[in-house]
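Participant: Each chain, letter by letter, is given below.
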Amino acid sequence: MRRFGRIALGAIGLVLVVGGTAHAQKKPVKRGLVWDDRPSIVFGRDIHLDIRMKLQTDWRTFDPDVDEKLYDFHSLRFGLKGEVTKHFAYEFEREVNSDGEFGDWKDVYVDWHTFDPVSVQGGRFKVPFSAEQLTGPTDTDFAYRSLAASIIAPGRDKGGMVYGRFFGRGLTYQAGFFNGDGDNGQIKEEQFVSPGETPDAVGPSFAGRVTATVLRPLPVPQRLKSLRLGAAYTNAELPEGLNSLRGKSVMGTATYFERVYVKGRRQRIGTELEWTPGSFGLKAEWMQAREDRLGQSNRNADLSDFVSTGWYVDSTWVVTGESKGDSIAPKKPLFKGGIGAIEIGARYDQLGFASASTEGPAFTNPRAEHLVPNTDEVWTIGVNYFPNRWVRLVGNAIHENFEDPNRSISPGTAGFWALLFRFQLVF
Amino acid sequence: MLRQAFGAAMLLLLLAGSAAGQTADDFFSSEVLQRVDLWMNAKDWDKLKANFKENDYYPADLTWNGITAYNIGIRSRGLGSRSSTKPGLRVDMDRYATDQKFIGIKSFVLDNLVQDPSGIRETTAMRLFARLGIAAPRETHTRLYVNGNYIGLYALVESVDKDMLARVYGSINDDVQNDGYLFEYNYVLDSPWKFEYLGSSYDGYKARFSIKTNESKSDSHIWGPIEELVRLVNQTASPGFEASINPKLDLAGFVKYLAAQSFVAENDGFVGYAGMNNFYLYRLENKDQHVFIAWDEDNSFFSTDFPINARLDENVLARTTLELPAYRTQFYTSVNDAASSANDGDWLHAEIERQLNMIADAMNADTAKPYSNADHAAARNTMLAFPAARITFVQCEVAKQLGTAKPAGCP
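Protein sequences, first through last, are from chains X and V. Anchor point for the first sequence: position 255 equals 252 in the numbering used here, and the numbering is continuous, going up by one each time. Quick note: to get the numbering used here, add 130 to the position in the second sequence (first position is 1).
Read the hints as simulated data drawn from the structure, not as lab findings. Being a predicted model, the structure only gives us computed values, none of them experimental. You may find that some hints are simply not true.
Said to hold, decoys possible - Here are the simulated lysine to aspartate or glutamate pairs, EDC-like style, with alpha carbons at most 20 Å apart:
no.	chain 1	residue 1	chain 2	residue 2
1	V	Lys342	V	Asp229
2	V	Lys173	X	Glu187
3	V	Lys183	V	Asp222
4	V	Lys177	X	Glu194
5	V	Lys173	X	Glu186
Said to hold, decoys possible - Computed footprint of chain V on chain X, listed as stretches where at least three residues anywhere in the stretch have a Cβ under 8 Å from a Cβ of chain V:
no.	stretch
6	110 to 124
7	293 to 304
To be verified - Computed beta-carbon distance windows for the label pairs:
no.	chain 1	residue 1	chain 2	residue 2	range
8	V	Lys347	X	Ala411	20 to 28 Å
9	V	Glu372	X	His396	52 to 60 Å
10	X	Ala411	V	Glu372	46 to 54 Å
11	V	Arg449	X	Tyr68	51 to 59 Å
12	X	Asp62	V	Asp222	45 to 53 Å
13	X	Thr252	V	Ser321	31 to 39 Å
C-beta: ideal position from N, C-alpha, C; glycine also.
Could you put the whole structure together from the sequences, leaning on the hints where they help?
Facilitator: Quick look at the structure:
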């Protein structure tokens, strides 16, 4: 990864130099370190490097108490993002942990987008699957993504992708090949291999996604024309082992479905809906992952697929009237003649795990043909307050209910409440 | 949904068991050399053997006498007996399905016999203990096959659990006496313990007495009475000892258990060579009184002239109890009773010979055992010679201690 980072940095540096030379003399522009909603180093027209920071810190309580800390240093990321001419873009982003040390790289990519119908992205970035997973963590409607988007969707990986759009953004597509199956799909458990064998990694994988404003060409009320539907698919090679997806509670404090043994392919399908007329927003997704279990029974026979199925629907309303876009910027910030922007919303989501076969008695054994299912159902009610474009205060009430009380945050109890307050600073 | 699934599993297993007319009594019948088949993913068996020092569970199917239990859990077990080539195994029926049982059995142990070249010390001792009325698990021998391959000769050991407690302690007014507090004694390495007071903190007792029932109760409910028992044993003078201790520990039962271990020359038992080891402690249901349950007697039959009062004075509980004349007399009488029982109709010799003959072929075919067939043959001869010599030695020693007439054959 370190080597990959150096290569990417070198590539972007080269593009900066070459691009800067080619476009430096068109119009005089403000150069050097400037403030344009965030600190930015401007080399010339269409050539700039933005310095980015994202900070999220949480305070939360649980009922019943689950012995978790009240304060959670949730996330701190620093990044560089910019463009080199109108043709190239790039981004670096890296996590900083609570000890102040650099952690995982997030986005590290170069993007060529001269032509709207065909653009190319290469490096490490999000695998195109799930609208909510593809939405940055500081722009999601609630403090936490839905379980399905957090666990089923692949997340980031190294790879290359072709993407484009037609009819404005009436029709979009993304298709790419990746080294693994995303951060969420990679092997996290230590693998057992017999002497002389080497452990295999997940991947390679393919992913594709299409979205369309299907009502736009039709004679329907204008408000309906922003309705966007989408579908996505991924396919990854899955090595033998305790490598399946697993169920984690909303804040990741408990595992409600342990990994099972898999081998073969992991395929995902997803559908999505997004409708944002004015200050109102409606989003929904359904997605499913199916993982092969070839030769994984107690007697080395094939087992039925391991199936993870999740969906959510959420609705939001910006009370102060701002448009519900990718991100909300207050029309009248606090201390500048207004109070900022306020958004309220509610979401229902669930994520369940089961075997495709339901014949015979069910067991929790990770090699059982019929697995005892378990589902986490989550209600989230939230308020977002934006005093200005950089700060967001989030209040969420989250209720989780587990189908199997013995596999929940606290064994024997099915329902849990959590209250969360988040301070977020982004520039 | 869950209840239906588990209910179906239970029904299937019950039907399978009852249809074949098989019970736990048949499974643990000491008269039969059993055959147990485990079916597990080849990777899991390799992993279990490679990680034999870990307690990780692996799924398996189990077949015995044509009855199969599906999706049970097995793990490596033991302390000094852990082995990568012939793992000792704990078998749990309900690991992956709540309340699943196999012919009424919730769990059992497959003892790998790696520390006993004779292969019968543990099973013989337990048979004698049961004959003497001491709480002890049922045991027999089995050939173990994994995925159709012969792994070796094992002892099939009944778990000390609620089912065993119900079998041993029965019912009082339709109330099965199996819901007391059951503890497995954990030997703490490099910290031999001989019942000295460990202080008012429960930590020392928690480290040594692993709770197996009523786990959700508070520490004071679980370990408080043990701390109190140990404190009283260490602080109570002889005149008030029985009145103070007996309500909290069945002293007569304890002395009988000590005497039985003494007769079989157990070198790693309650007064073992490195402190206390290998027993369960049970606080009877709705009572304050504790009792001892025998476990892991594979260091018995140590030698025919093993002193009958070996190390009794080193253990606080044994010493203070036997300082009372009545219990001291009971101890030697019980040792003598054990000898008499063993000698009755040549029972012990016949039992040893029967078990050795029963396991002979399976033992010789066992290539995973850490000793040779010649070693086993030597151990066989030692075991066969043990009863006569030990009975004479014990009877002579008891006569000496009690001041009674020496029987014939005494030096």
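Participant: Assess, step by step, whether the Cα of lysine 342(V) is no farther than 20 Å from the Cα of aspartate 229(V), and give holds or violated.
Facilitator: holds, 16 Å
Participant: Given the range 52 to 60 Å, decide if the beta-carbon distance of glutamate 372(V) to histidine 396(X) lies inside it.
Facilitator: Check passed, 59 Å falls within 52 to 60 Å.
Participant: Does the hinted range 45 to 53 Å hold for aspartate 62(X) and aspartate 222(V) at CB?
Facilitator: violated, 31 Å
Participant: Next pair to validate is lysine 177(V) with glutamate 194(X); report whether the Cα-Cα distance is within 20 Å.
Facilitator: Holds, at about 13 Å.
Participant: Given a hinted range of 31 to 39 Å, is it respected by the beta-carbon distance of threonine 252(X) and serine 321(V)?
Facilitator: This hint holds: roughly 35 Å between Cβ atoms.
Participant: Holds or violated: the stretch 110 to 124 of chain X covered by chain V, criterion of 3 or more residues with Cβ-Cβ distance under 8 Å?
Facilitator: violated (count 0)
Participant: Holds or violated: lysine 173(V) with glutamate 187(X), Cα cutoff 20 Å?
Facilitator: holds, 14 Å
Participant: Are there three or more residues in the stretch 293 to 304 of chain X whose C-beta lies closer than 8 Å to some C-beta of chain V?
Facilitator: With 5 residues in contact (Cβ-Cβ under 8 Å with chain V), the coverage given for the stretch 293 to 304 of chain X holds.
Participant: Run the distance test for lysine 183(V) versus aspartate 222(V): straight-line Cα separation, threshold 20 Å.
Facilitator: holds, 18 Å
Participant: Verify the proposed pairing of lysine 173(V) with glutamate 186(X), using a straight-line Cα cut of 20 Å.
Facilitator: At roughly 16 Å apart (the allowed maximum being 20 Å), glutamate 186(X) and lysine 173(V) satisfy the hint.
Participant: For the range 20 to 28 Å, tell me whether the beta carbons of lysine 347(V) and alanine 411(X) fit it or not.
Facilitator: Given a distance of about 23 Å, which is inside 20 to 28 Å, the answer is holds.
Participant: Could you check the hint for me, namely that alanine 411(X) and glutamate 372(V) are 46 to 54 Å apart, CB to CB?
Facilitator: holds, 51 Å
Hint violations for this structure: numbers 6 and 12, all remaining hints satisfied.
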